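Protein chains: 2
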Amino acid sequence: MSGNKTLFQAFKETPIKTNGHGNRDAGVLKEAFDRIDSDMESDIYGSGKVIEEFEEKMAKLLGKESAVFFPSGTMAQQIALRIWCDEKGLKRAAYHPLSHLEIHEEDGIKELHGIETVLLAEKDRVITLEDIQKMKEEAAVVLLELPQREIGGQLPDFETLQAISAYCQEQGIKLHLDGARLLEVLPFYRKTASEICSLFDSVYLSLYKGIGGIAGAILAGSEAFTKESKVWKRRHGGDLISLYPYIVSADYYYDLRADKMEKYYQEAKGLAEYYNTCEKVSTLPRVPVSNMFHVHYEVSKESLEPILVGIYEETGVGLSGYLRETGESSCYYEVSIGDLYETIPEGKLKEVFNTLNEKLKAI
Amino acid sequence: MSGNKTLFQAFKETPIKTNGHGNRDAGVLKEAFDRIDSDMESDIYGSGKVIEEFEEKMAKLLGKESAVFFPSGTMAQQIALRIWCDEKGLKRAAYHPLSHLEIHEEDGIKELHGIETVLLAEKDRVITLEDIQKMKEEAAVVLLELPQREIGGQLPDFETLQAISAYCQEQGIKLHLDGARLLEVLPFYRKTASEICSLFDSVYLSLYKGIGGIAGAILAGSEAFTKESKVWKRRHGGDLISLYPYIVSADYYYDLRADKMEKYYQEAKGLAEYYNTCEKVSTLPRVPVSNMFHVHYEVSKESLEPILVGIYEETGVGLSGYLRETGESSCYYEVSIGDLYETIPEGKLKEVFNTLNEKLKAI
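Which chain is which? The protein sequence lines are A and B, in order. Residues in the first sequence are numbered consecutively from 9, following our numbering. Residues in the second sequence are numbered consecutively from 9, following our numbering.
Quick caveat, the hints were computed from the structure, so don't treat them as lab data. Since we're looking at a predicted model, the values are computed, not measured. Among the hints, a few may not be true.
For chains that are exact copies, the list does not tell them apart, and a pair is met inside one copy or across any two.
[Unchecked claim] Straight-line Cα separation of at most 25 Å, DSS-like style, residue types lysine-lysine; simulated pairs:
no. : residue 1 : residue 2
1   : Lys199    : Lys68
2   : Lys118    : Lys238
3   : Lys57     : Lys20
4   : Lys118    : Lys235
5   : Lys131    : Lys288
6   : Lys68     : Lys38
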């Protein structure tokens with residue numbers, strides 16, 4: 009732990025970083041509110057101009073009848089699955105074994121909603137049509153995560169999405185999109201958000217990943233679906249008297265960054281290339297399909313940490329603030345490209361990765 | 009509805025208001041953040057200085073081992089009851105028929121947690137020791153709301169609280185405090201928050217009632233209890249990556265207003281006296297026991313609306329933005345005293361209530 013803390017601190021102190029939009033600090037909120045008049049009225053329990061206008065904007069973006077602002081994706085997605093399970097009278101949902109719901113939510117879907125889950129596909133690959141066709145138990149709803157974050161942000165091709173959508177519709181299985189990073193994958197698919205979402209019955213979008221807001225999520229679908237979701241939002245304790253601190257920020261950073269996803273995507277491909285020139289290093293996916301990827305090292309965490317700290321101190325460039333072990337002599341971290349990437353001086357990355365490669369060779 | 013809207017608008021346009029701290033607008037957030045440096049780091053999923061320091065401050069205030077910041081009281085209280093039910097292996101909780109959980113949460117406690125409820129006391133009075141002693145079914149936990157908001161903010165006396173606490177402890181029933189307005193009742197009891205809370209196993213405090221923050225709640229209790237509550241917070245989708253917009257505001261307005269509760273209480277008693285001089289008007293309670301009370305009119309909503317609109321326009325003083333019907337010729341509204349009360353010019357209330365009395369007499 010103490011070694012990890014050192015890496016975290018060394019990373020924190022680097023003036024240049026390859027990942028993200030910058031620090032998660034009060035400046036993020038202050039910047040968004042600079043242009044807001046003090047007399048802008050708060051939303052009140054889901055009503056009011058500030059929340060309704062943003063929900064309409066998001067519904068339009070996603071090509072759905074209606075959208076609801078939620079404090080979190082955890083809440084929004086459990087509710088989406090619950091609605092579809094209730095509709096079918098079958099409390100079973102299917103998703104990837106590394107879905108956010110399965111590994112990051114303390115089993116909320118099971119403990120709060122009593123929904124059983126069917127795990128589709130092996131952990132190290134994305135869900136295929138065949139996985140759904142061969143599902144061992146019937147499910148009311150299938151959740152697809154685009155991109156599949158825990159395996160570096162991998163994607164099925166668009167034809168697979170179409171085939172899955174057609175199959176689910178035919179079989180009376182609802183299809184829900186975990187689109188936490190939906191905007192980030194549009195450049196790869198060369199599709200609009202609306203074109204992707206048309207394949208799904210309901211859609212969740214996060215507002216603090218590529219968009220870089222403070223927190224919050226959008227859940228979109230038909231009028232009947234979103235109306236029902238508001239009842240569950242209240243049950244969950246998510247129908248706050250005021251959500252405007254998140255809404256104003258989400259709206260501001262959406263406008264600032266929605267059109268930058270192509271740029272982040274190209275930059276991610278460029279950065280992955282640098283990583284893949286180094287010995288004992290590979291990115292997953294090899295060629296990124298969004299602004300994110302994972303960096304895998306065939307080096308122990310203990311050996312790699314001092315190497316990275318040394319590079320951060322020598323070059324002033326931070327690559328990651330943590331390492332996650334995958335075995336005795338392997339580890340990885342996640343990279344998400346944001347606004348900071350363009351601040352890296354010309355030639356700097358060449359220096360960083362030459363040094364990294366030399367040091368890894370020397371182990 | 010359209011008549012109601014007119015009252016709402018007339019109230020909104022009054023330069024002077026007897027209730028509240030002022031508009032719920034972006035200025036509330038901006039004022040709290042004015043003193044915050046842009047480089048103040050965000051909390052991250054429940055960790056970090058900004059959230060931990062505030063939780064410690066609230067734990068100390070409430071005299072509990074530990075406190076957790078929640079986005080909403082709805083979430084915090086369902087979780088408190090769930091923990092106590094799980095501990096006893098009995099999914100039954102007892103509370104007042106007009107508890108927030110029973111009437112404002114779309115039955116979240118039942119639908120999400122599968123907890124049955126036992127309703128204690130009649131709707132129009134507070135819970136007594138006898139109500140608990142004569143409970144028809146065994147319950148794992150009793151929830152007491154201080155003050156009982158939906159009946160004007162009534163309170164049991166302190167001796168009753170002590171007796172209930174002793175009885176519950178003896179019977180192995182957990183006692184939870186819905187202290188949404190806990191600070192507001194301290195002047196009546198002449199007790200500290202800690203003294204009141206020592207009678208309860210767990211405590212919820214709202215941060216946007218008398219305190220006047222943007223949203224958010226505190227749940228406090230033993231270390232083991234709050235640790236478990238964080239697991240449920242994640243399950244509910246309340247463990248947001250960043251809660252600091254609410255925490256910073258809560259902390260700022262707590263410091264600003266915690267010591268003003270005595271003043272609000274005295275002002276509420278003064279305002280209630282004015283109301284009770286009018287014909288066909290009575291306050292509930294007759295003498296307020298906190299900063300809040302209800303104003304009941306033995307006049308139909310339709311007759312009263314134009315009278316109030318007229319008074320708002322004539323005097324510039326707004327009394328309420330809505331009327332709620334209780335019968336064909338009766339209605340009421342709620343009053344909560346806040347910072348605005350002291351801005352009412354000397355003699356103004358006398359003018360307002362003389363006019364009101366004259367107009368009510370004339371019906």
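Hints and how they fare:
| no. | hint | result |
| --- | --- | --- |
| 1 | Lys199 x Lys68 | within (15 Å within a copy, 54 Å between copies) |
| 2 | Lys118 x Lys238 | both (20 Å within a copy, 17 Å between copies) |
| 3 | Lys57 x Lys20 | between (39 Å within a copy, 16 Å between copies) |
| 4 | Lys118 x Lys235 | both (23 Å within a copy, 20 Å between copies) |
| 5 | Lys131 x Lys288 | within (23 Å within a copy, 71 Å between copies) |
| 6 | Lys68 x Lys38 | neither (27 Å within a copy, 30 Å between copies) |
Checked against the numbered hints given earlier, the structure breaks only hint 6 and satisfies all the rest.
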